[in-house]
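**Student:** Put chain C on the given structure of chain E with help from the hints.
Chains E and C, in that order, give the protein sequences. Residue 30 in this note's numbering sits at position 30 of the first sequence, with consecutive numbering throughout. Position in the second sequence (from 1) plus 117 gives the number in this note's numbering.
Heads up, a few of these hints could be off.
[Unchecked claim] Simulated DEER-style distance windows between Cβ atoms:
#1 E:Gln45 x C:Glu161: 16 to 24 Å
#2 C:Ser175 x E:Glu64: 28 to 36 Å
#3 E:Leu56 x C:Pro178: 33 to 41 Å
[Unchecked claim] Examples of chain C residues toward chain E, derived with CB under 10 Å:
#4 Gln123
#5 Leu162
#6 Gly176
#7 Phe191
#8 Ala210
#9 Ser212
#10 Phe224
#11 Gly225
#12 Arg229
#13 Val233
The hints are simulated quantities; they were obtained by calculation from the structure and are not laboratory data. Cβ atoms here follow ideal geometry from the backbone N, Cα and C, with glycine treated the same way.
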Amino acid sequence: AQSVTQLDSQVPVFEEAPVELRCNYSSSVSVYLFWYVQYPNQGLQLLLKYLSGSTLVKGINGFEAEFNKSQTSFHLRKPSVHISDTAEYFCAVSDGNYGGSQGNLIFGKGTKLSVKP
Amino acid sequence: DAGVIQSPRHEVTEMGQEVTLRCKLISGHNSLFWYRQTMMRGLELLIYFNNNVPIDDSGMPEDRFSAKMPNASFSTLKIQPSEPRDSAVYFCASSLALTGWRTEAFFGQGTRLTVV
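Chain E with its partners taken away, still in its complex shape (with noise of 0.2 Å):
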């Protein structure tokens, strides 16, 4: 079974200050890894992606995250936060077989980003 922990649930940090939430999963499969970010009051949005490739994935606001096989881990890190990116963010894992409880979409608890002036 696959399961994604979210070491931290609350991150707070200065603007322009650099920032790593930090995300670890297991999963007997080869996996695909998601980051996603909630603002008050919405739905879930993409931040990025890893399916395959590169293990350094960029995705918007400036956002990355490395993908690291040995350590199991998927942290997303920005160089430089706004006031804007306080939000709350998620890891997620799936693999890629269908069937049965695989192919599931499985998130982590969360981290809230509270990024102050």
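**Tutor:** The following block gives chain C in isolation, referenced to the frame of chain E:
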């Protein structure tokens, strides 16, 4: 495409009443997910369909919850009877899933359910 469309956006109902949440998938997508989000439990997967077939419903809380896909583009999540602990935001999401490949999931705006 207008994206994933959920209705209603807000629902307030009395305990014991039946509640039906609706979701229209993005045209051409074949996977459908229902999630429930609460402060305490975060984002929980309730059920997942692929090509109209329920693949995994292990997240459905109990028999009071049921989900259907009467056709390839539409799904309903029904709670009967509803209870105050069902109060949450319910999201549906759709994606295109092929053997060994899938798109990301696209989310609707959610239905905020309050059971009083």
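**Student:** If a hint holds in the structure, say so; if it does not, say that too.
**Tutor:** Do the hints match the structure? See the list:
no.	hint	in the structure
1	E:Gln45 x C:Glu161: 16 to 24 Å	holds (19 Å)
2	C:Ser175 x E:Glu64: 28 to 36 Å	holds (34 Å)
3	E:Leu56 x C:Pro178: 33 to 41 Å	holds (39 Å)
4	Gln123	holds (8 Å)
5	Leu162	holds (6 Å)
6	Gly176	holds (9 Å)
7	Phe191	violated (18 Å)
8	Ala210	holds (7 Å)
9	Ser212	holds (7 Å)
10	Phe224	holds (4 Å)
11	Gly225	holds (6 Å)
12	Arg229	holds (8 Å)
13	Val233	violated (20 Å)
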